[in-house]
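Q: Going down the list, the sequences are from chains B and R. For the first sequence, position 250 matches number 250 in our numbering, and the numbering has no gaps at all. For the second sequence, position 54 matches number 54 in our numbering, and the numbering has no gaps at all.
Simulated from the structure, these hints should not be mistaken for lab results. The structure displayed is predicted, hence computed values, not measured ones. Each hint should be verified, as a subset may be incorrect.
[What the hints assert, rightly or not] Covered by chain B, according to a simulated footprint, are these stretches of chain R (three or more residues, beta-carbon under 8 Å): (1) 33-45; (2) 97-104; (3) 120-127.
Note that CB positions come from ideal geometry on N, CA and C, so glycine has one too.
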Amino acid sequence: MPKKIILQISMIAAAAAFVGHTAVAQNEGKTGSGAEAKTAAAGETMDRAKVLRAAADALGMVRWSDIGAGATRLPGIDIITTMEIFASGTVYNGAQPTVAEYHAALAYIPPAMRVEITRKGAGEAASHSIQTVRENYAWNESEIGAGLIPGKGIATPAMPAAKGRLLQLWILPYGVVKAAIAAGDKTKLLMENGATVITFPLSGSLAGTTVTATLDSKNLITKVETRPDNPALTNMVTETEYSDYADHGEVLTDIKSPGHIVEKQAGRPVLDLQVKMVNANDPYLVFPVPANVKAATTQTSATGTGGN
Amino acid sequence: MRSYRCYFITTAALLCLLPATLCAQEFSTIRRTVNAPPKPSGTTPRTPDGHPDLTGVWNGLGDNLLGVPNQIANDGVSIDSENSSHDIATGTQIATFPRNTTRGLNNEQGERAASLLRRVGSNRPIYKPQYWDMVKEFDQSANEEDPSNNCMPAGIPRAGIPSYIGQYPNSFIFIYPGQGGLIATQTMYRMIPADGRKHTPLEELDGTYTGEGIAHWEGDTLVVDTWGFNSSTWFDQIGGYFHSENMRVIERFHRDGNTLTWTATVEDPDVLLEPWTTTPRVALLNPKPDAVLPESLPCSERDLTHTVTKEHH
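My request is simple: use the sequences and hints to build the entire structure.
A: If you want it as structure tokens, here you go:
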């Protein structure tokens with residue numbers, strides 16, 4: 001074959017490959033970044049699904065398997081089930097700040113969270129608490145897993161705290177995306193000062209609370225506000241700011257998590273945490289409810305004096 | 001000369017295209033966009049004694065890596081459509097998104113995604129609290145800690161559904177071919193009596209990878225009750241789910257037409273807070289009447305010495 005023809009074929013092939021590659025890249029840009037939705041928002045209704053997808057993608061929540069490629073083509077799914085957050089910073093008891101170590105273990109199926117706080121300081125300032133919630137059960141543990149084996153620690157029912165503890169789970173960036181998707185048509189989008197804002201009501205035991213989340217230009221959630229629908233409960237308004245997103249895992253997962261978390265309730269600081277490590281690799285975290293906590297809930301329900 | 005050259009080029013082009021065409025046809029028949037268990041079809045054959053006949057090659061969903069999407073279902077997530085998935089244990093909906101790229105994942109992305117996808121399901125054994133950190137550490141350090149690495153047997157229940165079952169009046173033969181790659185395991189077999197005998201006392205058994213299994217029928221369900229294990233296996237590839245030598249596994253096999261549903265309930269009072277039952281797995285009968293199991297490739301671990309991170313292999 002003449003060299004000229006070979007050269008022509010090579011050039012055509014190269015051009016075709018370039019066009020194909022560019023088309024793929026453009027396609028990814030359109031559907032993956034959420035930019036289209038933001039542009040359209042200036043004068044049109046934003047596409048809820050695209051915005052939520054972009055927020056989920058930004059956090060690294062959406063994954064699919066390429067194993068067995070060719071034989072299968074599965075869609076992406078939300079892979080955040082369990083997670084651990086290790087942080088240090090300031091925990092406020094009323095207006096009193098205390099330096100503390102913070103460890104949160106959490107799960108979304110079923111919704112559960114265990115927050116262990118070790119306050120540093122001399123005398124009474126030093127303390128250690130483990131506050132746990134699973135669905136409508138809330139209890140305090142004298143040690144991790146207390147009350148599950150006779151003679152091993154004490155689990156103290158804390159039912160009135162269940163809603164507040166569950167709320168902490170759903171105001172995390174992953175919880176916001178999950179709950180906003182689950183809220184369906186009730187999730188609304190708007191633009192405020194050039195930023196996309198997602199608003200949706202919580203459901204289940206947290207019904208009666210509206211969440212407002214703000215996305216940055218990279219579709220990462222930077223601010224979450226929760227507000228009870230009952231205006232008399234303004235002291236329950238929470239504001240949480242997230243920044244310095246990165247993959248903070250020892251085992252890398254490409255899941256982004258905030259490196260700095262600042263939470264306020266009714267305008268007063270509650271937490272100011274610097275994240276040290278996040279285990280987002282769906283670690284083994286379980287939250288079995290101790291029998292005495294279940295029994296206490298049953299009794300509370302029977303007498304009608306429960307916090308739920 | 002020119003005509004020969006043209007003939008040669010045309011033939012070469014056709015030959016180049018042919019394998020791709022064949023592959024496309026092959027994939028088009030088995031390509032799956034969901035991982036929901038297969039629906040049964042056909043009738044359930046029975047042996048002369050009236051029991052369902054489980055005999056057959058149960059690899060109709062595909063061998064080795066082609067079966068991986070189904071393994072995600074094995075671990076508890078059913079992808080029902082391009083927009084819908086659910087956690088099998090709880091029924092909780094899991095947000096599902098169409099792919100937004102045609103570009104394949106690179107190796108790093110693929111392994112991270114595969115590891116995460118297999119952990120999404122909520123059906124996890126509940127260990128006693130003193131072992132929670134140990135399980136978590138085993139899981140995160142599975143590249144070093146998984147006892148089945150270096151081509152050791154997967155054991156029970158990790159092996160799941162045997163790829164071949166031979167059913168006889170008073171016994172069963174189970175064959176689990178070894179598999180390479182991501183789910184590397186050594187070939188295992190079990191000969192399981194079903195003659196009404198009792199278990200050997202546990203203290204008289206030397207622990208083994210497959211234990212002492214004894215089968216009986218409960219209606220149309222075959223129940224295999226096994227103890228006498230060593231402690232050198234995990235419940236699954238993912239999770240760090242170790243066990244003691246005091247483990248007992250109750251497997252249930254139920255044939256419905258061309259499908260076989262399997263669950264295993266693990267009892268280990270030494271380490272578990274309560275018995276744990278696996279997510280049901282469903283195997284599909286190989287439809288070829290002359291199907292045979294090919295020889296497994298020898299298991300030769302060559303990757304572990306090159307791992308430099310804790311990302312699961």
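Q: Determine for every hint whether it applies to the structure shown.
A: Evaluated hints:
1. Remark: the segment 33-45 of chain R is confirmed as covered by chain B, as 3 of its residues place a Cβ nearer than 8 Å to a Cβ of that chain, reaching the required three.
2. Using a Cβ-Cβ cut-off of 8 Å, 8 residues of the segment 97-104 of chain R lie near chain B, which meets the minimum of three, so the contact claim holds.
3. Residue count for the segment 120-127 of chain R with a Cβ under 8 Å from a Cβ of chain B: 6. That meets the three needed, and the coverage hint holds.
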